[in-house]
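K.L.:
With these hints in hand, go ahead and build the complete structure from the sequences.
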Amino acid sequence: MFSEFISEFNLTFDKSEPASEIAKRLWSLRQGRQHVSDFAIEFRTLASASTLDEESLKGAFSQALNERLQDQLAYCQEPETLEALIALCNRIERRLNDWHRARTRPILKAPALPPPDLTGVPEEYHDLQQVFSKDKACSLPPHRSFDCAIDLFPGAPLPSSRLYIISKPERQCMEKYISESLAAGIIRPSTSPLGAGFFFVSKKDGTLRPCIDYRELNKIT
Numbered sequence: 018m019f020s021e022f023i024s025e026f027n028l029t030f031d032k033s034e035p036a037s038e039i040a041k042r043l044w045s046l047r048q049g050r051q052h053v054s055d056f057a058i059e060f061r062t063l064a065s066a067s068t069l070d071e072e073s074l075k076g077a078f079s080q081a082l083n084e085r086l087q088d089q090l091a092y093c094q095e096p097e098t099l100e101a102l103i104a105l106c107n108r109i110e111r112r113l114n115d116w117h118r119a120r121t122r123p124i125l126k127a128p129a130l131p132p133p134d135l136t137g138v139p140e141e142y143h144d145l146q147q148v149f150s151k152d153k154a155c156s157l158p159p160h161r162s163f164d165c166a167i168d169l170f171p172g173a174p175l176p177s178s179r180l181y182i183i184s185k186p187e188r189q190c191m192e193k194y195i196s197e198s199l200a201a202g203i204i205r206p207s208t209s210p211l212g213a214g215f216f217f218v219s220k221k222d223g224t225l226r227p228c229i230d231y232r233e234l235n236k237i238t
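Numbering of the sequence shown is given in this note's numbering, commencing with residue 18 and proceeding in unit increments.
Don't read these hints as lab results, they were simulated from the structure.
Heads up, the beta-carbon is just placed ideally off N, CA and C, and yes, glycines get one too.
Incorrect hints may have been included.
[Stated by the list, open to error] Lysine-lysine pairs mimicking DSS-like chemistry, simulated, CA-CA at most 27 angstroms apart:
#1 Lys221 - Lys185
#2 Lys193 - Lys151
#3 Lys153 - Lys220
#4 Lys151 - Lys221
#5 Lys75 - Lys41
#6 Lys151 - Lys220
#7 Lys221 - Lys153
#8 Lys221 - Lys193
#9 Lys126 - Lys153
#10 Lys185 - Lys220
[Claimed, not checked] Label pairs and their in silico Cβ distance ranges:
#11 Arg108 - Leu180: 55 to 63 angstroms
#12 Cys93 - Gln147: 49 to 57 angstroms
#13 Arg188 - Ala104: 52 to 60 angstroms
#14 Arg188 - Leu113: 45 to 53 angstroms
#15 Cys93 - Gly49: 17 to 25 angstroms
#16 Asn107 - Pro186: 51 to 59 angstroms
P.N.:
Rendered as structure tokens:
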């Protein structure tokens with residue numbers, strides 16, 4: 018008699034969901050715009066009533082995350098437990114938010130630079146200030162829609178040259194010149210079968226000025 022009462026009582030008042038329904042709800046959850054911490058509370062509540070094992074819970078949680086977090090998880094080693102996975106997602110979300118704030122932070126206006134000191138420059142050359150600008154010298158005009166070819170004279174003998182031994186200061190100066198010019202886009206690796214002499218001339222301040230000898234090449238163009 019008592020067992021029948023308990024059976025009727027459970028039938029009337031026990032509204033717990035079947036395990037299969039809880040599993041379906043877990044797999045259908047989506048994080049959307051929620052923070053990981055808020056979504057994890059909802060997921061843990063439902064997971065506590067489920068019969069899914071740890072691996073299935075991790076799979077359901079990973080699937081429910083938004084695409085931004087899923088993309089980042091693809092580069093991480095898979096955590097062993099659900100709680101470790103949630104903690105990892107919290108860290109990733111914080112890093113992504115910090116990165117977004119840094120990218121969208123308003124740029125402070127730089128203070129105006131003082132005008133250059135021209136006391137040592139003759140007044141008649143002041144209007145040529147831009148001509149001697151180092152920034153302008155390290156840039157090239159935009160590429161046009163056409164190219165200007167420099168053709169060689171038909172049948173002209175190609176110039177030949179020999180290698181020259183350079184000193185250590187000259188080598189250092191040459192390497193610096195090439196690396197800075199490549200970085201600035203002034204020069205690029207050449208595929209030409211010909212070359213021109215490259216040497217240095219001492220300046221009054223003791224530094225070296227690179228010079229390229231195009232005389233032999235100019236003779237046949």
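K.L.:
Enumerate the violated hints, using their earlier numbering and listing them in ascending order.
P.N.:
none
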